[in-house]
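Visitor: Sequence:
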Amino acid sequence: MIKALVITPYEGLVEIVKEVAEEVDDFDIHIKQGNLEEGLAYAREAEEQGFDLIISRGGTSSLIEQHVKIPVVDIQEFGYDILRIMTMVKGFTGKAGIVGFPNITRGASTICNLLDMQVRTMTINHDLEVESKLQELKNDGFEVVIGDVITTEAAKRIGLNGILITSGKEAVLEALEDARRMHRLFSRLNNDLSFYKNILQKDERSIAILNDDGEWLFQNQSWSSAFSHVDPREIKEVERMIHQTQEENEEKKKSILIEGDLWKFSALRTKESIILTADRLFNHRLTNSSNEDLPFIEMVQEVPFIPISGQSDSTQRVLKQIDQCKEMDEPVWIKSEEGNGKELIAQSIYLAREEFEHPFMMIHCHMMSADQLNHLVEEGFFQKVETSIYLRKVDALSLEAQRTLLSLVKQLQHTSTGPKWILSSSPEIERYVEEGRFDRDLYYQLARYVIEHPPLRERKEDIKNLIQLFISENHSRYGKQVVGVREDALDMLIQYDWLGNVDELKQVIEQLVQESESYYIDLAHTQSILNRKRLDDEEDVANYNGIQIEGTLEDIERKIIQKVLEEEDMNQSKAAERLGINRTTLWRKLK
Numbered sequence: 001m002i003k004a005l006v007i008t009p010y011e012g013l014v015e016i017v018k019e020v021a022e023e024v025d026d027f028d029i030h031i032k033q034g035n036l037e038e039g040l041a042y043a044r045e046a047e048e049q050g051f052d053l054i055i056s057r058g059g060t061s062s063l064i065e066q067h068v069k070i071p072v073v074d075i076q077e078f079g080y081d082i083l084r085i086m087t088m089v090k091g092f093t094g095k096a097g098i099v100g101f102p103n104i105t106r107g108a109s110t111i112c113n114l115l116d117m118q119v120r121t122m123t124i125n126h127d128l129e130v131e132s133k134l135q136e137l138k139n140d141g142f143e144v145v146i147g148d149v150i151t152t153e154a155a156k157r158i159g160l161n162g163i164l165i166t167s168g169k170e171a172v173l174e175a176l177e178d179a180r181r182m183h184r185l186f187s188r189l190n191n192d193l194s195f196y197k198n199i200l201q202k203d204e205r206s207i208a209i210l211n212d213d214g215e216w217l218f219q220n221q222s223w224s225s226a227f228s229h230v231d232p233r234e235i236k237e238v239e240r241m242i243h244q245t246q247e248e249n250e251e252k253k254k255s256i257l258i259e260g261d262l263w264k265f266s267a268l269r270t271k272e273s274i275i276l277t278a279d280r281l282f283n284h285r286l287t288n289s290s291n292e293d294l295p296f297i298e299m300v301q302e303v304p305f306i307p308i309s310g311q312s313d314s315t316q317r318v319l320k321q322i323d324q325c326k327e328m329d330e331p332v333w334i335k336s337e338e339g340n341g342k343e344l345i346a347q348s349i350y351l352a353r354e355e356f357e358h359p360f361m362m363i364h365c366h367m368m369s370a371d372q373l374n375h376l377v378e379e380g381f382f383q384k385v386e387t388s389i390y391l392r393k394v395d396a397l398s399l400e401a402q403r404t405l406l407s408l409v410k411q412l413q414h415t416s417t418g419p420k421w422i423l424s425s426s427p428e429i430e431r432y433v434e435e436g437r438f439d440r441d442l443y444y445q446l447a448r449y450v451i452e453h454p455p456l457r458e459r460k461e462d463i464k465n466l467i468q469l470f471i472s473e474n475h476s477r478y479g480k481q482v483v484g485v486r487e488d489a490l491d492m493l494i495q496y497d498w499l500g501n502v503d504e505l506k507q508v509i510e511q512l513v514q515e516s517e518s519y520y521i522d523l524a525h526t527q528s529i530l531n532r533k534r535l536d537d538e539e540d541v542a543n544y545n546g547i548q549i550e551g552t553l554e555d556i557e558r559k560i561i562q563k564v565l566e567e568e569d570m571n572q573s574k575a576a577e578r579l580g581i582n583r584t585t586l587w588r589k590l591k
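FYI, the UniProt record's numbering numbers position 231 of the sequence shown as 231, with every residue one higher than the one before it.
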C-alpha cells in the first residue's frame, strides 16, 4: 500500500481525487487543500509522518519539490483539459493571455499554436512575479488571463477575468500511475541505499556526509560516537578543509587535534555533497605521563615561523643543513646542549618540509616509559603518522624503550608507511653509546644525518643579535621603553659563559628589561643580575637533592648512584634503568 498525500490547490480537485481514491486499492490516499506556502506546510508534515510520496499540481507542486526529500508527483495538465479551457476562451471577444509556472504554460502554449489561437504566454518561476506579469498584460489591453489558482486570484484583484485551468479525472489517474512507477523505483533505490548504508554503519572508520550547505546527510555509528561532544564543523581546521574541498574540487587530507586526540581527516567532493572520513591516530588521554599536566606527546596545529638568529659560521651552517632537509626522508639527529634551540631547529625542519597538513608532533622521551612506548607501537601509531616526528631527548629513553624503538625502526624500513624521524640529544651521545647507556645499533640506524649546534659560549658572534631579538620580544610585554644595551654591558653579556645557552640568555634579558628604568640596559644593572644569578646557581648545585658535591667526580657519581638506589628500594635493575646504564656498569661503578 502506497501512503500518499494529495495536496489540491482548489476545492474542485478535492472531489475528483475522492472519486478516484474509491476506485484504486493500492493507495492509502489522504487529501489536503492548500495553495503554495499552505500546501508546502502540509507537505512538510507529511514527510515527518512517514508518507511515501506527495501528489500536487502547478506551482504548488514545483514549490514542494524544492523543499522535501520524498518523491513529489505533478498532476500534469492533459491536452483535453487545456483544450476545454481554450474552447471556453473562444467565446470571449477580448485579448487573452496565459500566466503560470512552466508545468502549466508548456502544454497550453503548444495547444494554442496548434489551434492557431493568438494567446500570449508568460512563464513565471516564483509567485512574486505574478502581479507584475498581470499588470503588464492589463496595460497592453488584455482582458482574460488563463492560469492556475495563484494567477486567477491575482487577476481578479486587479480587474482581469481569470480562468482556472482545472484538472480532470484522467489527469489524476495518470498522476497515480506516475506515482506507482516512482514508488517502485524509489523502493529499489532505498533497498540499495539501505544495503550500502549498513556497510557504512559497520565501518570502523568514522564517516559522515554533508550537503553543500554544510548540513549532515549521514553519520555512521562510529562518527556519532566519536564526536558526541563536539561538532567537527565548528573546528577551524575542519571547516577550512571542507571549504577548500568545495572550492578546489579535489580530495583534501589533514591531521587535526580535537580534544586531545589526533585525527586524520579526509574530505572528498561528490556531485552534491562532501564525504568526510576520520581515523583516530591515537587517544592522547591514554598517553599521559604520571603528571597529567605534562603529556609526553605534544602537538602544535600551527607552528609559528621563528627564524634562527645568528651570524656565526656554525649557525649559518645549521641553516644550510635545515634547508637540505626539505627533500630528505632520512632520519635527522640534532646534537646540542640543553637550552640551545634544538626544538626550534626541529620546527624549522618541519616548516621547511611544508608538512602543514599535519601538526608538528613532538615526543618528550624523558617523560615516556617503556610501557607507554609499547602501547603506541601496539596501537600502530607510528605506522599511521605521515609526517615528521620529533623525538626530544631521545638519549633519556630507558634501555628497554631503546630496544623497542630499534625494533620499530627496523620494521618500518621494509614498509612505505611511518614517519620521518627527527631526534635530539646531548652532544655526549657517542660517549653514552660507548658506555652502554645508549643502544649502539639504534644510534647508527637513526644518526644518518647529523646537525651539530655548538653551545652559545662557542659562538659569541650570535649573542648581540639574540639580545636585540629578546629586547624586542619583551618591549611591549612589560610596557618598557628599552631599546638597546650599553657597550660595556654588552661586552659583559658576551663574555658570560651561558651554561644554560640561549634559554638562559633569554631569561636574563627578560629580567633586565622588566627591571630597567631607562632606554638602555647599563653595566651596573647587568652586573647585578649576573652576580645574583651566579649565587643562585651555586646554591642550586650545592643543595641538589641533598647530595653533597664535595670530593672527586667519582665520589660524586657514587653518591648519586647510592641516592637513586635508596629511592628504588635498592632494586639494581630499576636504578640502572633510571640512570640509563646497564646493571653491569652499575655494579662496576659501585665497586
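Keep in mind the hints are simulated off the structure, nothing from the lab.
Treat the hints with care, as some may be off.
[To be verified] Subject to a maximum C-alpha distance of 30 Å in a straight line, what follows is the list of computed DSSO-like cross-link-like pairs (lysine-lysine): (1) K264 - K393; (2) K169 - K18; (3) K320 - K254; (4) K393 - K169.
Visitor: Given the hinted pair K264 and K393, is their alpha-carbon gap at most 30 Å?
Guide: 27 Å, holds
Visitor: Please work out if K169 and K18 have their alpha carbons no farther apart than 30 Å.
Guide: The hint holds at about 10 Å.
Visitor: Given the hint that K320 pairs with K254, does the C-alpha gap stay at or below 30 Å?
Guide: 29 Å, holds
Visitor: Between K393 and K169, does the CA-CA distance stay at or below 30 Å?
Guide: 85 Å, violated
Consistency with the previously given hints fails for number 4 only.
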